[in-house]
Amino acid sequence: MFKSMNRSRFFLLLLMVGLMIVTACAPDRDQVGDAPEIGEDGMPAKPDELVVWINDEDIAEDVHLEQFANYTEETGIEIKFERIALPDQLEELALAGPGGTGPDLFFQPQDRLGDAVVQGLAVPLTYTDEELANFTDAAIEAFTYEGDIYGAPVAIETYFAFYNKSLIDEAPETIEDVLTMSQDLREHDSDLYGFLVSPEFYYLYSFINGYGGYVFAEEDGVYDPSDIGLDNAGAIEGLEKYQEFITSGAIPRTVTVDVLDGLFSEGRVGMVVSGPWNMPIYGQALGDDLATAPLPQINGAVAPSFVGVKSWLVSYYSDNQAWAQDLAKFLTNDENSDYYYEVTGELPPRPEILDNINDPIYAGYTEQVEHGTPMPNIPQMSPVWDMDDAIELIVNGGEVEAVLTDIVQNIKDKIELQGQ
Amino acid sequence: MHPKTRSRLELAGIYTIFALMAVIIIYPLIWAIGMSLNQGTSLYSSTIIPENWSLTHYQWLFTDERSNYLLWYRNSMIVSGMSVLLSVTLTTFTAYAFSRYNFVGRKSGLYTFLILQMFPVLMAMVAIYILLNLIGLLDTLTGLVLVYVGGQIPFNAWLVKGYLDTIPRGLDEAAKIDGAGHFTVFIKIILPLAKPILAVVALFNFMQPLFDFILPSIILRSPQNYTLALGLYNFINDQFSNNFTRFAAGSMLIAIPVAVVYVFLQRFLITGLTAGGTKE
Amino acid sequence: MSVQGHLTIKTNVSKHNPTIAMVLSIIFAGFGQLYNKRYLKGIAFALFEILFLVTFGEFIGFGIWGITTLGEIAGLDHSVFLLVYGLLAIILIAFAAVFYFFNVKDAVKQAKAIKEGWIAPKLGESLRIFYDKTFPYLLTTPGFILLIFAVVFPLMFAISLAFTNYDLYNSPPRNLVDWVGFENFGRLFTVGLWRNTFVSVFSWTIIWTVVATTFQITLGLFLAVLVNDARVKFKKTIRTILILPWAVPAFVTILIFAAMFNDQFGAINSDIMMPLFNIEVPWLTDPVYTRVVLIFIQTWLGYPFIFALFSGVLQSISSDWYEAADMDGASRWQKFQHITLPHLLFATAPLLIIQYTTNFNNFNIIYLFNEGGPAVQGQNAGGTDILISWVYKLTFDTNNYSMAAAISLIIGLIVSIFAIFQFRKTAAFKEEGNL
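Chains as they are written, first to last, in my numbering: chain A, 1 to 420; chain B, 421 to 700; chain C, 701 to 1135.
Hints listed in this document are in silico derivations from the structure and should not be mistaken for laboratory results. For every residue, glycine included, the Cβ atom is placed at its ideal position computed from N, Cα and C. Do not take every clue at face value.
In silico contact screen, one side only, chain B against chain C (beta carbon under 10 Å); selected entries [claimed, not checked]:
{"hint": "1", "residue": "I498"}
{"hint": "2", "residue": "M502"}
{"hint": "3", "residue": "V541"}
{"hint": "4", "residue": "M543"}
{"hint": "5", "residue": "V567"}
{"hint": "6", "residue": "L579"}
{"hint": "7", "residue": "N645"}
{"hint": "8", "residue": "M672"}
Based on the sequences and whatever the hints tell you, model everything.
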């Protein structure tokens, strides 16, 4: 009995191995190169529907509903949209795309562009020079990767100064003035704060860059990830300047975005650094007391800020890439860009619109955009956010130079770990 | 010291400890309620009961057309309900087999799976995603329920098996002699006696889907399919602006019914869990 | 009739050959049974194999090709999907192999029996026997199948990833993923990033696991004993309040605590510490304090389960024990030490072990409370990062999935070895000896 059992096991094994060898063959590749037919207008046949991933925000839905309806009216193509938070879109796309439930068009800021391109999730767009002329150079550069343009730019985003006119008459001109203003205000009433900025690398890049620190060395739009300037003399000097605000008690150590928004809305802060996304929230809370200004001068010039551009990207997995691109261009044309600005208050990167904005509340925003530096769009950017740890250590009293040397080394190690 | 005085002092000490615990337990909860009544969106408020308190966030959850709260509530109830039904059935089947029958893998089967579950598999969510996509259950409540049910079996089957082991075998053997079949014994004899532990398993399986936001965030995509935990978590998972007060309001509305259920099932919870976890 | 039947069997005795049955059943499921004249079973088995091959044959072939090559044409083949299909194919093959094994075993066994003159029972009777024999399998199969897909399959995927080069630059659709053997494990020891930080993260993970879990068990025990005191009234109300933390979703509680412990704006400092002691404790900015708070929160979250568990056991300890101890004049402490405690621990040991292993990988609390922070100079993990949260962050920052899988695997091995060791110890303690 046992003997035959063992034998049968052996046969069974043989059979299974045999089965695997016989059946493990490559799939049929006939479908390769199944190019869609091109119509007379140079476009392939119209799909019934395009799927678009928009940001998971009420305001995004507000603005796009109308635009999508117009596109459907114009072309007859239905638009189905899904709300997916921006930071999650790439990871979701990497799974949903090949799974067949991905979008034709998705939405991303440029700092994730490198990730998208390196993985091959986005396809380049074709723009005529005429079309390109409608966008600011900075916006197009932000979405150019290794010579190809990957995005139809929707909005240009940066942070600037918001101030409360009931507490301060006008925004202080230089960062030194800001410190004095802060101390005056706090002496006057200890429940008040003069100036708050969230302790995050994103915002504090102004201090770093103002004195000559930089993320990656750049030449003609090409970044060199091996040259990191976040621990150079300028970066150190800038962050030491920032540290003064903490040590002098002008800025409490544990400010977070939520605390900052809460305090400013309650009317307890003279001036904060924040972005256009807070325009409606602050406006509702403070009414006419709200005003904006470019960032104060650091090292003799308006402090530079990170500029982010948000764009529509066409998915690699889209079956209708040509039409997806058509939709992307439609959504970023003059009319729709203008409408986008009206609803969201975010500035479209189109010179024509930018030049015609007269609303005083946008003064700070429009002016600051001109002083911005684009966030690098290469994949090596993601470890750079470790700089938040450096900021935290500095806020807690760490010695700036030592902290930066240390964290930048970590960033370099992580970039190495990313592989190539 | 007089023994009676000593006993009184002791008792006073015990009650003091309970009072202290009550404060530690209730303080954060009161604080969360206070937060949910705060008009703004901020997490931070200077007083525990805000000066300008209002029910706006509760109102928003129920009446705003953008709010999917009631839908999420319904989804969560469906997921939890289905998960309870399926889990209790499958888990008891499994546990009964492990408790009463001899078969291949009986000795170490449950322990093996308990240990396999100790491996951190955050990365492996991708695999579940692809599998559910393959069989068309992605972004469905059914898919979510199946994963929950599969994952809970080792621990709960082990609990139930422990409980069933305490039910004397003589009972089912007697019934078998009287001609009862396998299933009759199971349904007529074992199930009624196992009620307390089944209540525990039911409770666990009701709570787990209700409280978990990680798995749903992988499996569910459409907001109308979200469960409560996922929907609530998304209120506060925004990069630039969070809505803590709305989150608190939504959380309170789920915590209160759950707390009530716990109170009612307390008796079962304690007896069931004990016998289940204890008698090997 | 019966004589004739007897005669046919007699003639079969000499002819019937188990080896033929075996070979036939290997060639195709059910053929052996047909040879044994168990027609219904034979047809059922054969039908099963046909259905299986028709339904899954192509998928299995594709899957095996997928998992061996991980794709050949970048852009068209998606390595990760192929890996998953391959694993599913392997699971299907395993199911089939088990079925086939029983098929062959059954054919051989019955052929032997027939050779020795066994008379096959009638259909109804044989079905009953079959039902009797397979009943435990029938009971466990549905659960088992779900279990395989929900627990084993994801684990197989995570393990497989550790042996690939899946990272940002080797990502579909642009590129393919390849098998690289043990390369990731090798790199673990050579990349400087780990070496500097691993020891400190690992030691905090151990401290966290041991202290937080022990605290929650001790507090649960302490309160259970107090409530169980005969003199205490309103037991039900007290128990209800004590169980309350269990009834609030943990992620909600953790986030509320995070807000309360904010150094300057949280309620703890502004409502309690400042008015009463006039100090502002750096809860979220000093790693030591953050660790203390984390342990406190985990205790708060975790003790109700232990409390409920122990309350039940306490009620079940026979009063005879205590009466006997009273006769011997034992003190209260002695009674606790020699009767209560052993009873409690003996009864609940495996559950307590699971508490420890759960906390070892308790990603939620660490990440939701302060994202592993505050930052600590000189290491690339936060001051409260445990292994699992550190790996998560590294994956997130560097998109190096295969490396993360390799570390996860090592973490899993550490925990499971500890658990196996402890389970065995308690089993031996209970003199069951086998696991």
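Hint check results:
1. Restraint check, I498 of chain B versus chain C: the minimum CB separation of about 18 Å is more than 10 Å; hint violated.
2. With 10 Å as the threshold, the beta carbon of M502 of chain B stays out of range of chain C, its nearest partner Cβ sitting at about 13 Å, so the hint is violated.
3. Interface hint status for V541 of chain B: upheld, as the beta-carbon distance to the closest one in chain C is roughly 5 Å, under 10 Å.
4. The interface hint given for M543 of chain B is met, as the beta carbon of that residue sits about 5 Å from the closest beta carbon of chain C, less than 10 Å.
5. A distance limit of 10 Å between C-beta atoms decides the matter here; for V567 of chain B the minimum to chain C is near 5 Å, and the interface restraint holds.
6. Interface hint status for L579 of chain B: upheld, as the beta-carbon distance to the closest one in chain C is roughly 8 Å, under 10 Å.
7. Look at N645 of chain B: its Cβ only gets to about 19 Å from chain C, farther than 10 Å, so that hint breaks.
8. With a cut of 10 Å, the hint placing M672 of chain B at the interface with chain C holds, because the nearest CB-to-CB distance is about 9 Å.
Consistency with the previously given hints fails for numbers 1, 2 and 7, ordered from lowest to highest.
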